[in-house]
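*Asks:* Spelled out, the chains give:
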Amino acid sequence: MIQTEHLTKWYGRKVALEDLDLRIEPGTIFGFLGPNGAGKTTTVKILTGLLRPTRGKALVAGFDVIEQPLEVKSRLGYVPETGALYESLSPAEYLEMVGCLHHLDRRVTLARTDELLELFGILTARHQRMTEFSKGMKQKVLISAALLHKPEVLFLDEPLNGLDANAAMIFKELLKKMAAQGKTILFCSHVLEVVERMCTRILIINEGKRIVEGTAEEICRSTNTDTLEQAFGQLTGSRDAGQVTTEFLAALEKV
Amino acid sequence: MFRALIRSLGVDYEQWRALTRVALKLDFRTASGLSAHQRSEKTEGAYQIVVRYAIYVALGAMLSGLVWMSGDVFFSGIIILSYTMVMTGMMVLVDFAAVVVSPDDFAILGYQPVSSRTFFFSRLTNVLVYTTLLSAALGLIPVIMYFFAGGFRPLLGLSAAVATLLSCVCTTLLLVVVYTSVLKVVHPNRLRRVIGYLQLVLSFFIFGGYSLLPRMLNIERLSQVTITKSAWLMAYPPAWFASYLELAMGRWGKLEVVPALLSIVALIVLAGRARGKLALEYSDRLSAAAAVSEGSKKSASAASRSGLIFRGGEARAVALLVRNQFKYDQKFRLAVLGIVPLTVMYLYMGMDHGPLADPFVVRGGGFGNSFLVYLAVLMFPPMLMMNLTASDSYQASWIYYSTPADRGRLVRGAKDFVFMYFVLPYLAFIGAVFQYYFRNLWHVVLNLCVLGLLSHFFLQLAVFLNPLLPFSQPARKGQRTAGYMMAILFGPIGAILLLFVLSRWIFPNRILLGFVLLGLAGLSWLMEKLLQVRVERRTASLEYQD
Chain A
1 MIQTEHLTKW YGRKVALEDL DLRIEPGTIF GFLGPNGAGK TTTVKILTGL
51 LRPTRGKALV AGFDVIEQPL EVKSRLGYVP ETGALYESLS PAEYLEMVGC
101 LHHLDRRVTL ARTDELLELF GILTARHQRM TEFSKGMKQK VLISAALLHK
151 PEVLFLDEPL NGLDANAAMI FKELLKKMAA QGKTILFCSH VLEVVERMCT
201 RILIINEGKR IVEGTAEEIC RSTNTDTLEQ AFGQLTGSRD AGQVTTEFLA
251 ALEKV
Chain B
1 MFRALIRSLG VDYEQWRALT RVALKLDFRT ASGLSAHQRS EKTEGAYQIV
51 VRYAIYVALG AMLSGLVWMS GDVFFSGIII LSYTMVMTGM MVLVDFAAVV
101 VSPDDFAILG YQPVSSRTFF FSRLTNVLVY TTLLSAALGL IPVIMYFFAG
151 GFRPLLGLSA AVATLLSCVC TTLLLVVVYT SVLKVVHPNR LRRVIGYLQL
201 VLSFFIFGGY SLLPRMLNIE RLSQVTITKS AWLMAYPPAW FASYLELAMG
251 RWGKLEVVPA LLSIVALIVL AGRARGKLAL EYSDRLSAAA AVSEGSKKSA
301 SAASRSGLIF RGGEARAVAL LVRNQFKYDQ KFRLAVLGIV PLTVMYLYMG
351 MDHGPLADPF VVRGGGFGNS FLVYLAVLMF PPMLMMNLTA SDSYQASWIY
401 YSTPADRGRL VRGAKDFVFM YFVLPYLAFI GAVFQYYFRN LWHVVLNLCV
451 LGLLSHFFLQ LAVFLNPLLP FSQPARKGQR TAGYMMAILF GPIGAILLLF
501 VLSRWIFPNR ILLGFVLLGL AGLSWLMEKL LQVRVERRTA SLEYQD
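Order-wise, the sequence lines are chains A and B. Here the first sequence is numbered in this note's numbering, starting from 1 and rising by one per residue. Here the second sequence is numbered in this note's numbering, starting from 1 and rising by one per residue.
Bear in mind the hints are in silico, worked out from the structure with no lab data behind them. Warning: the hint list may mix true and false statements.
[Said to hold, decoys possible] Pair by pair, the computed Cβ-Cβ distance ranges are: (1) B:Phe2 to A:Gly37: 42 to 52 Å; (2) A:Ile170 to B:Leu5: 38 to 48 Å; (3) B:Leu5 to A:His103: 31 to 41 Å; (4) B:Val51 to A:Gly37: 45 to 55 Å; (5) B:Phe28 to A:Ala251: 48 to 58 Å; (6) A:Arg52 to B:Arg17: 27 to 37 Å; (7) A:Ala180 to B:Arg316: 53 to 63 Å; (8) B:Lys327 to A:Gly37: 32 to 42 Å; (9) B:Phe2 to A:Arg197: 46 to 56 Å; (10) A:Arg55 to B:Arg17: 36 to 46 Å; (11) A:Gln128 to B:Phe152: 26 to 36 Å.
These numbers were taken from a predicted model, which means no experiment stands behind them. Positions of the beta carbon are idealized from the N, C-alpha and C atoms, including for glycine.
The following block holds chain A by itself, in its conformation from the complex (with noise of 0.2 Å):
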């Protein structure tokens, strides 16, 4: 579970968060949502213990993210937005790295490395230095490391960044299974019908802000919309995207 309480972050005069209340329920896919800057990858930093909130309190999996940090760590399994990971090991070294820092089993890290590797289909560079590594190979990577300890939370930041559709197609199908079995997922993506078709609530935030909560069909009906996308353009306030198309198009002519 997740669950927060005027979450607030301030970065020197800017407000990133204001009092953001939220609630996760186990068993849960959902999608966080928000324009550039709305201030998604801040919350996701705070419950994952990066960045302390200036206000409010956050738990994760019933531990307090300031207070039992170590506690929220060795419970959540995250997938950054930055796809930062030691591109000078390989699978192999950088799954057992991880293993070791939550105490795993030494042949348990193996046995699930080569299942999860397996599964994405990169088990036979498993020994491969990451540097030679496309972005899809290298967020396999940090999939199957957020996913080895098996997490009761995970967080999700654009996790199918570079993913062929072979593997966005499984990983899709991987978490709807995980939050079958009860895990809390929060997913942060701009693709907009991957959200719809996958997370059961949808939480959309701008400036800091919630603006809406619901399911893909109820936030479509408050907005009076037919599909999330539009119903994101209006609670966003975006231009009319084919107006704004002319206008660029017109006015680079005319340079």
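Once you've looked at the hints, dock chain B against the given chain A.
*Replies:* Only chain B this time, still in chain A's reference frame:
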């Protein structure tokens, strides 16, 4: 037992072992670079590491002559330990963000269940392994000499080994404490600027202390290869560790015991201060500093200024890139600033023993330390060029390959930038210094012409030998230190030879001087043409490596 000891310190043993093992793997692998597409990465990495340590062993071997010749173990100990501490300090200073704390660590480990204390111990272990490997290489031959010079003296050899190791640990801890204290106090907004200034101050301190050593030792006594202990000398940290050798020789007076105790106290205090300093949060602050802008108040005017010399094309692109990398890439800025104190110290040492000698007048001898001024002009531009090719943002170099930019011009643009923005202002400064001492404008102008042409030739040579696109290579741990060391070791020989040839044969003969100037100008022109061909050929075959 070791596991229990680690755990008693509040450190998670399994995590510490995993993190340390990974950090060491990363060190040795990133030291090799990422050029696997073109050559065998493992072979290249091993070769570079072997060469680097061979250089350190060679320097140690040179120093070990002192042990053999001098009957005063305290004197030879001070010299050898000074070198060890300077080299350790230089390595930590120049490669701080790679050696001590990397902003990448937080992005990768921040959400893992690792406590700050465990992270600190793994980083400290890694840093100490890195620096003690250097001190081991540097101290290897001298320690062997202490064992065997003047008969087999195992206690003396052992104390030399301990002194070398602990002096290296002490230097590392000192720099870690100073830097991390600054990281704690300063807001990320100002961190890069403050670390830059701190780098300057510490570099002056380290190089300054190193250059002041001969004065403290007194030149007359140096010739007798003995040393008299004094309160001033006891303020010099290498003397604390050198006193271990005296204790091993059975001298247990106040002037031997107190400095040895001082070294132990320093180590305990520094270890206590460092404890908890290298937390993961510092890596977070470093990454925040890398992400936070220092404001754009001057950006508009600065942008227009940068166009004064390079008005367009690849040269302007490089000029803009270098200027902004200097402003925002902390590693690049620190590496460049690291050269400044060395340059200033060379200038100071060059002018320290009386007025600068006019090479038109001295004719082949008696120019004292003046060669150091020439060395600064000749060696530091190629060192700057070396810094200009490496960056943490090297993956952004795809832009060179996906635009119709002439990559040869980009490489030559970087060289021209260094010449215009670093060498020319430096020559102007040197010209003012020369004029102050020589009182002969004609001599100054001719000197500067020769130096300018030579400096440009050295820059061309550096690019010719290693034509790389700006900021297109990953920054490698220890690479800059090794480069600086080569310059410090072998540069003076070249500078002395140059000054000797100039003052003995060229400057006294106006016709010969004219030919030399024309020859150098011609050589520069020819080199530019050769450079163009080579750089174009090499850059045409370069491939983007992400």
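*Asks:* Against this structure, judge whether each hint is valid.
*Replies:* Status of the hints after comparison with the structure:
Taking 42 to 52 Å as the suggested C-beta distance range, the pair B:Phe2 and A:Gly37 conforms, at roughly 49 Å. The supplied range of 38 to 48 Å is met by A:Ile170 and B:Leu5, whose beta-carbon atoms lie about 46 Å from each other. Here the CB-CB span from B:Leu5 to A:His103 is close to 19 Å, at odds with the stated 31 to 41 Å. Look at B:Val51 against A:Gly37: about 48 Å separates their beta carbons, and that is inside 45 to 55 Å.
The given range of 48 to 58 Å is respected by B:Phe28 and A:Ala251, whose C-beta atoms sit roughly 53 Å from each other. In this structure, A:Arg52 and B:Arg17 meet the distance hint of 27 to 37 Å, their C-beta atoms being roughly 29 Å apart. A C-beta distance of roughly 59 Å is found between A:Ala180 and B:Arg316, which places it inside the suggested range of 53 to 63 Å. Distance hint check: the CB atoms of B:Lys327 and A:Gly37 are about 23 Å apart, inconsistent with the given range 32 to 42 Å.
Between B:Phe2 and A:Arg197 the beta carbons are some 53 Å apart, a value that agrees with the proposed interval 46 to 56 Å. Between A:Arg55 and B:Arg17 the Cβ separation comes to about 38 Å, which falls inside the hinted range of 36 to 46 Å. The beta-carbon spacing between A:Gln128 and B:Phe152, approximately 51 Å, falls outside the hinted interval of 26 to 36 Å.
The structure does not agree with the numbered hints 3, 8 and 11 stated previously, though it agrees with the rest.
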